[in-house]
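One line per chain: the protein sequences are U and Y, in this order.
If you count the first sequence from 1, position 21 lands on 21 in this note's numbering, and the numbers rise without skipping.
If you count the second sequence from 1, position 230 lands on 230 in this note's numbering, and the numbers rise without skipping.
To be clear, the hints were calculated from the coordinates, so they are not data collected in a lab.
Keep in mind that the hints are not guaranteed to be accurate.
[Unchecked claim] Per the computed footprint, the stretches of chain U lying under chain Y, defined by three or more beta-carbons under 8 Å from a beta-carbon of chain Y, are:
(1) 5 to 17
(2) 46 to 56
(3) 74 to 80
(4) 84 to 95
(5) 208 to 220
(6) 286 to 294
Remember, predicted model here, so these are calculated numbers, not experimental data.
Note that CB positions come from ideal geometry on N, CA and C, so glycine has one too.
There are 2 protein chains.
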Amino acid sequence: MRKVLVVAQSGGPSAVVNASLAGAVAEARRLGAFGAVYGLVHGVEGALGETLVDLTQVSDATLQELAHTPGAALGSTRRAIVEADFARWRAVFRAHEVGFFAYIGGNGSMWVCQRLAALDPDLRVMGIPKTVDNDLTQTDHTPGYGSAARFLALAVRDTGRDVEAMRSFEDVVLVEALGRNTGWLAAAAALLKDAPDDAPHLVYVPEVPFDEAAFLDDVRRIHARLGIVFVVVAEGVRDAAGVQIGQRGAPTDALGRVVPSLAQGAATILGDLVRERLGLRARVLRPGLIGRALTACVSPTDRREAWAVGAAAVARLAAGEHGQMVTLERTSDAPYAVRLGGVPLLDVAGVEKPLPRAYMDERGTMISEAFRQYARPLIEADTLALGRLDAPLVSRRLMDHDP
Amino acid sequence: MRKVLVVAQSGGPSAVVNASLAGAVAEARRLGAFGAVYGLVHGVEGALGETLVDLTQVSDATLQELAHTPGAALGSTRRAIVEADFARWRAVFRAHEVGFFAYIGGNGSMWVCQRLAALDPDLRVMGIPKTVDNDLTQTDHTPGYGSAARFLALAVRDTGRDVEAMRSFEDVVLVEALGRNTGWLAAAAALLKDAPDDAPHLVYVPEVPFDEAAFLDDVRRIHARLGIVFVVVAEGVRDAAGVQIGQRGAPTDALGRVVPSLAQGAATILGDLVRERLGLRARVLRPGLIGRALTACVSPTDRREAWAVGAAAVARLAAGEHGQMVTLERTSDAPYAVRLGGVPLLDVAGVEKPLPRAYMDERGTMISEAFRQYARPLIEADTLALGRLDAPLVSRRLMDHDP
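All chains should be built: construct the whole structure from the sequences, respecting the hints.
Right under this line is the structure:
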């Protein structure tokens, strides 16, 4: 009897992670190589609770709709896995004659895949990369990133035009970007900046230690010149001692640990600094999860690639390959082109890829040309141009003391 | 000699206010009825400073681009106008042979239009409605609202799917909507809610006094049932005494007045309440100005109507009409249809249109069917459906104490 394929989703959703699920299920049905296709409900929670759904009969129309639906249709999870969980997981898979497992997730999920495969030589596993944070190694980029990056790039460019029009009534606008450990998303905020005075003017990423004095100097200098300062700050930006700025002053629990949900956040803390130290008005925008969910900002490239990595994982399993994470390998920047590849799970499991220092400028407060070249194709930037009014001034006819 | 037409923008920008500008300029050029078309830079600031630009030669290509560009291309303003300003304004207009003035703005701008016309019988004025708040009277709705409403409806629906997938790791999500005095935008957050358990679960508008005990009860009850509570709160929500919730605890100036820029905001205050009183986790999303600027969420209907009211104002001026604000009159709900109209400026100047009580349900925490019928055509909701995974559970094969 042919073995069952199980698919599952883990970690924070993205606007396109359901496209990976749909791609995997569609490919499995097209190949007809598996006894059935099941989904784990809420990832590891579904494994431990033996909560599986049968995806074999899901219609093609539903799969196409799911590819355009945010969230994680199977349910996702952040539950930490303890050693005892693996035995239960293996027992559930054995009871259901599961021979193949495709796990859509980040570097933690890749580690889980690897452990499951090591425990059961009859289980063939494949990792499907997913994270808006873009911090998986061995792949050019990760599905989910392009759409979250596109949201932030559009939000900052468009809101930049808005506050520019209200120059006399706004001083400093701070946008907080997702990214607790890496600056991939914060950096993307500058991808649609076409002129030096366009928003954003300053970008802060966790990989570059935050220098408070330099920040205040820069804000003061830019405000004096332009009348408006647009700042983007990753939620995880850190000072030279490695302390996250956004958790300053947050309440601590009985063990002295910061309670993250009570932290004000990096943009709010920097906004307070601007008000107190420079006497300027500061407005804080914190779109948070909206940025990883908003369907209206999905990058078509991202959605297509998310589907493709899901389908490729299943095709590789059907062809006898396993123990890998599917990757995207860039073959050309212009025109942008990628091909699908695969790397051993051990090479990606638990490893985080920081934003390379060369992707920021020398001072570390603006993206470099190298980053623009890398990331612009991922958000399909070229289709998104705005206009500028370029009209001549009318000569004055009144003296200043008229009428 | 034919008199000059001046166009200007005032108040907070929207994603489509430049479409009104482009529509006005394009129509003026098409008609050829004016000596020139000038723009005031930053509204009243441009009038007082005699800073005008000549729009007569702006290319059609630029006008088309502007129609898709957020912000206010001429520059906008919130500067309060004092009595002495009118004489200066009149003198500047006279010096430049201005005979026609089309002002794009909200109810404050309509009052300014009316005053200018009263001061100078030779000046013919026309108001062009603009506000994301949708609080202008005498018009079915106001250009700018449909796009900001569409952003919020999409953001809440899409983020609702995201947190629903992470049910065990989120308790309460609060989104703050723009709207200091009216709930039109907060209400729009529920326009894409298709099932009773979809986000949002609770909506708070300034027109319904906020009842803290009922809020905490509702959150507790919904959390017990669904495991997740999605709340939308207008920034201007007020308690029974009329005090804005979002300004509680904010620092005051020497005169005891709250400093709005230092207020934490309604969603943050309610989030703190949820944590302290219910012991639940609370996540606050505050997209702020992103919601009125994001081009990716523009409603095509809204952009088309914004262009149309700009063009209609100029056409009416050329035809000898004046002293009006252009309006949108709905002639049919299904299929949605509007025609252009006009009302005396005095009927709209300085008047605010609250969200009718009948647009909320009996308890005042969710929109009514009447509001859905009114507002769904404005965001073009029908083109935006998502999918749902509907797959059968796999029968269990293990006892709970296995393996």
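Comparing the hints with the structure gives:
{"no.": "1", "hint": "5 to 17", "result": "holds (count 4)"}
{"no.": "2", "hint": "46 to 56", "result": "holds (count 6)"}
{"no.": "3", "hint": "74 to 80", "result": "holds (count 6)"}
{"no.": "4", "hint": "84 to 95", "result": "holds (count 6)"}
{"no.": "5", "hint": "208 to 220", "result": "violated (count 0)"}
{"no.": "6", "hint": "286 to 294", "result": "holds (count 8)"}
Of the numbered hints listed earlier, the single one contradicted by the structure is hint 5.
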